[in-house]
Amino acid sequence: MLKDFVSFNMPPITAKERRFSRLLLFFEDIVKVPLFRCQHCGECILSSTAFICSQNCPKRLRNGPCGGTGEDGSCEVYPERKCVWYKIYYRSKLLNRMSLLYKINKIHNYNLERTSSWLNVFRKRIDPPMWFVRNDKQKVKDLISDDVQRKD
Amino acid sequence: MTFKEKIESNQFIVCGEVGPPQSCDGDVIRSKSKYFKGYVDAVNITDNQTATVRLSSIASAKILLDEGVEPIMQMTCRDRNRLAIQSDLLGAAALGIRNVLCLTGDHQTIGDQPEAKGVFDLDSIQLIATVSEMNRGFLLSGYEMKTATAFLIGAAANPFAEPFEMRLIRLHKKIEAGAHFIQTQPVFDLEIFTRWMERVVEMGLHEKTAILAGVLPVKSPKTLLWMKKEVPGVKIRDEYIHRMRDASDPEEEGVKMAVEIIQTLRNIKGVRGIHLMPAMWESITPTIIKEARLNTTN
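In order, the protein sequence lines correspond to chains D and R. The first sequence begins at 1 in my numbering and counts up by one. The second sequence begins at 1 in my numbering and counts up by one.
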């Protein structure tokens with residue numbers, strides 16, 4: 001469905017809210033910049049990427065690595081760096097959050113750039129974070145077997 | 001038989017590939033169409049491959065269409081934002097182009113104009129979802145079009161890049177987004193490819209999409225070495241490089257190697273066809289198809 005991957009009918013950002021958003025962003029930055037190298041996309045998907053900011057990817061991919069990851073997991077644009085999604089994969093495995101990698105993340109809403117994603121969650125502009133994942137292995141199995149069933 | 005009908009049937013599929021020239025000379029593509037007509041089911045047209053400016057893929061696709069060859073137009077997210085992508089897709093549909101391959105695109109820094117701004121407004125999975133939505137009759141704004149497009153949606157997969165399992169997750173997402181066929185990166189490591197296909201079959205993905213394995217015939221050992229070093233995400237076994245180096249006639253050896261790879265690929269469960277991509281060596285396509293005894297009906 002269209003609304004599953006693109007944001008629709010969002011409450012508009014008023015001038016007053018924008019000021020508040022800027023204030024919140026200041027505090028959000030104090031946490032997120034040193035910890036995750038936050039890129040201020042305003043549409044935070046840290047919880048589904050095992051708490052590594054996917055927006056550090058030179059292509060700003062939100063749905064997994066491009067085809068250029070090297071054998072040692074190096075980035076195709078900056079070979080001295082590790083591919084962000086390579087790190088996300090191994091961290092997801094470690095933290096048992098693999099089922100979240102199967103989710104298709106929405107097309108980025110550039111109106112939210114440099115706004116506070118905390119406020120955006122509160123205003124229901126973006127999906128709330130998923131803090132805990134239970135029975136991750138079972139969920140992945142279900143996702144795959146869903147496919148097998150659907151084709152019958 | 002159109003490419004779509006062939007995908008829906010159970011026959012073995014052969015795709016070709018042509019790179020448009022770095023000039024406005026459309027005759028280059030017209031003259032190359034003879035290598036494909038009657039040999040392959042559809043031909044990929046690259047969209048500014050390796051981030052180098054070339055004749056646009058829509059125009060090239062139209063030229064091929066007029067020559068009687070069915071084109072698969074590649075569409076990358078590097079050069080266009082979501083508005084341009086949708087408008088270009090509508091334009092392509094109006095010109096009669098029915099197949100589109102959705103790619104993220106190489107990063108502009110590996111091309112000849114690294115100063116350019118990369119767009120990457122959508123990524124390949126979101127692009128596939130967008131085209132699916134347009135096939136249902138909707139634009140991304142939610143506007144319902146009077147006529148829906150009828151694209152056959154393709155996507156790429158790279159079984160050889162790390163991490164291995166992430167590639168299967170990506171494939172899963174692409175199929176969920178609505179990909180009808182998948183073309184893989186060139187196979188130069190049959191062991192990894194077999195392992196990947198086993199997992200694809202295990203997940204049941206091969207029945208929901210047509211997987212076409214990439215085959216790249218090479219002219220000289222230099223090309224192989226260059227690819228190993230410069231092209232990101234390509235894995236080449238040393239035995240192929242040694243074979244090319246030791247051969248007295250590298251071109252003949254290149255054809256022999258490609259035919260051998262095709263024969264092995266045909267016997268792997270789940271492979272629905274091959275995608276021949278001779279980089280700037282399109283003239284070899286008929287020879288390989290004859291040598292590999294691939295029956296093409298159209």
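Please keep in mind that the hints were generated in silico from the structure rather than gathered at the bench. Keep in mind that this is a model prediction, so the values were computed, not measured. Be aware that one or more of the hints could be misleading.
[Unchecked claim] Pairs of lysine-lysine residues, derived as BS3-like cross-links and limited to a Cα-Cα distance of at most 25 Å, are as follows:
| # | chain 1 | residue 1 | chain 2 | residue 2 |
| --- | --- | --- | --- | --- |
| 1 | D | K106 | R | K208 |
| 2 | D | K103 | R | K229 |
| 3 | D | K137 | R | K37 |
| 4 | D | K93 | D | K82 |
| 5 | R | K219 | D | K141 |
[As the list claims (entries may be wrong)] Below, a sample of chain D positions facing chain R; criterion: calculated Cβ distance under 10 Å:
| # | residue |
| --- | --- |
| 6 | V6 |
| 7 | F8 |
| 8 | L24 |
| 9 | P58 |
| 10 | E80 |
| 11 | Y89 |
| 12 | K93 |
| 13 | L94 |
| 14 | P128 |
| 15 | W131 |
Note that the Cβ used here is the ideal one computed from N, Cα and C, for glycine as well.
Going through the hints against the structure:
1. Note on K106/D and K208/R: the hinted pairing holds, with a Cα-Cα distance of about 23 Å set against a maximum of 25 Å.
2. With a C-alpha separation of about 33 Å, the suggested pair K103/D and K229/R falls outside the 25 Å cut-off, and the hint is violated.
3. At roughly 49 Å between alpha-carbon atoms, K137/D and K37/R are farther apart than 25 Å, so this suggested pair is violated.
4. For the given pair, K93/D sits about 17 Å from K82/D by alpha-carbon distance, which is consistent with the 25 Å threshold.
5. Note on K219/R and K141/D: the hinted pairing is violated, with a Cα-Cα distance of about 44 Å set against a maximum of 25 Å.
6. For V6/D, the shortest C-beta to C-beta distance to chain R is roughly 5 Å, which falls under 10 Å, so the interface hint holds.
7. Below 10 Å, beta-carbon pairs count as interface contacts, and F8/D has one with chain R at about 6 Å; its hint therefore holds.
8. For L24/D, the interface hint is violated, since its Cβ never comes within 10 Å of a Cβ in chain R; the closest pair sits about 26 Å apart.
9. Satisfaction of the interface hint for P58/D is found here, the shortest Cβ-Cβ separation to chain R being roughly 6 Å, below the 10 Å cut-off.
10. Checking E80/D against chain R by beta carbon gives a least distance of about 14 Å; that is not within 10 Å, so the hint is violated.
11. The criterion of a C-beta within 10 Å of any C-beta in chain R is met by Y89/D, whose closest approach is roughly 5 Å, and the hint holds.
12. Among the interface hints, the one on K93/D holds; its C-beta lies about 8 Å from the nearest C-beta in chain R, closer than the 10 Å criterion.
13. Hint status for L94/D relative to chain R: violated, with the closest Cβ pair at about 13 Å, above 10 Å.
14. The criterion of a C-beta within 10 Å of any C-beta in chain R is not met by P128/D, whose closest approach is roughly 21 Å, and the hint is violated.
15. Annotation: W131/D was flagged as interfacial toward chain R, and the flag is violated, the nearest CB pair being 21 Å apart, outside 10 Å.
Comparing the model with each numbered hint stated earlier shows that hints 2, 3, 5, 8, 10, 13, 14, 15 do not hold.
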